[in-house]
Amino acid sequence: GQQLNQSPQSMFIQEGEDVSMNCTSSSIFNTWLWYKQDPGEGPVLLIALYKAGELTSNGRLTAQFGITRKDSFLNISASIPSDVGIYFCAGDSNTGNQFYFGTGTSLTVIP
Amino acid sequence: DAGITQSPRHKVTETGTPVTLRCHQTENHRYMYWYRQDPGHGLRLIHYSYGVKDTDKGEVSDGYSVSRSKTEDFLLTLESATSSQTSVYFCAISEGGGRLGQYFGPGTRLTVT
Chain Z
371 GQQLNQSPQS
381 MFIQEGEDVS
391 MNCTSSSIFN
401 TWLWYKQDPG
411 EGPVLLIALY
421 KAGELTSNGR
431 LTAQFGITRK
441 DSFLNISASI
451 PSDVGIYFCA
461 GDSNTGNQFY
471 FGTGTSLTVI
481 P
Chain Y
120 DAGITQSPRH
130 KVTETGTPVT
140 LRCHQTENHR
150 YMYWYRQDPG
160 HGLRLIHYSY
170 GVKDTDKGEV
180 SDGYSVSRSK
190 TEDFLLTLES
200 ATSSQTSVYF
210 CAISEGGGRL
220 GQYFGPGTRL
230 TVT
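So the sequences go chain by chain: Z and Y.
481 is the number that the numbering used here gives the last residue of the first sequence; the numbers go up by one with no jumps.
232 is the number that the numbering used here gives the last residue of the second sequence; the numbers go up by one with no jumps.
In isolation and in its complexed conformation, chain Y is listed as follows:
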């Protein structure tokens, strides 16, 4: 299994509070991704990174920001959480872009009340 961990694994927070999710990899892969998974929508890309300090927006980036200061860590921040951001969040990594497939982390279940 690829070395990807996500923390926390579960979180309940209140509307309007900031939340940061962490993805940590031990594979030294260049690309890292954040997805959200909701019933009826599959997985949707939020942001991705193609190197330290290099990030780009995905399909559903509004309300989210990311940072990557080290190869191994990719942080996803919800500046002011809303109930619509209740979801399961997955981090993924890949060596040379997504065409060779991505390795996914175990997910973080976030509930915004």
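The shape of chain Z in the complex, shown without the other chains:
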């Protein structure tokens, strides 16, 4: 299957700090999705990206579709305690039906 590498694996930050994480793949993707998962729950979609170079925001979250189409980036500005969770990237395999997920970035926000 496709390899999606997310970094960093985990982050411990102070409330109010900005956060950056990224995801790289071994092949070109046509779609990048970013999800957040809270403990004991299923992932929830945050942002969807469809074109190389695209920059999309959702509140304090901003994500970018890398120009090589093999990577994507997620930034969170002015972190708050409810940002705690695991963030996953996901990319499609050109069929639109089989998405590959990264291994996740665990975010801890210290008040």
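Honestly, the hints are just simulated from the structure, not real lab data.
Zero decoy hints are in this set.
Not everything, but these chain Y residues come out facing chain Z in the computed CB check (under 7 Å):
{"id": "1", "residue": "Y167"}
{"id": "2", "residue": "F209"}
{"id": "3", "residue": "G220"}
Pulled from the structure, derived: some chain Z residues nowhere near chain Y, Cβ distances all over 10 Å:
{"id": "4", "residue": "Q384"}
{"id": "5", "residue": "V389"}
{"id": "6", "residue": "T394"}
{"id": "7", "residue": "A422"}
{"id": "8", "residue": "L425"}
{"id": "9", "residue": "T426"}
{"id": "10", "residue": "G429"}
{"id": "11", "residue": "D441"}
{"id": "12", "residue": "F443"}
{"id": "13", "residue": "N445"}
{"id": "14", "residue": "P451"}
{"id": "15", "residue": "D453"}
{"id": "16", "residue": "T478"}
All residues carry an ideal CB built from backbone N, CA and C; glycine is no exception.
With chain Z fixed as given, assemble chain Y onto it according to the hints.
Just chain Y now, with coordinates in the frame of chain Z:
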């Protein structure tokens, strides 16, 4: 929240026994998916369905079968459970394929002893 329920939410079973997990949606979405989530692997697609009786394999389909006889229900069956199938299983739905994102259910924690 999208109307997705999974049952059971927790199950412990013995190696070699059959297990069926159920996913039920009230959204009338065409696509339904089964994923497993394991530490260090993220979520991996097991099988998906693009309509009643229309299913296809995902990345890790060996040892699993699925059925979809109604739009709202998608069943995942482990014919003979093995310890390697201990995992958290998530069902997801989407309206027009995964490109618009998927709505995930609450998950089923399965332990095979």
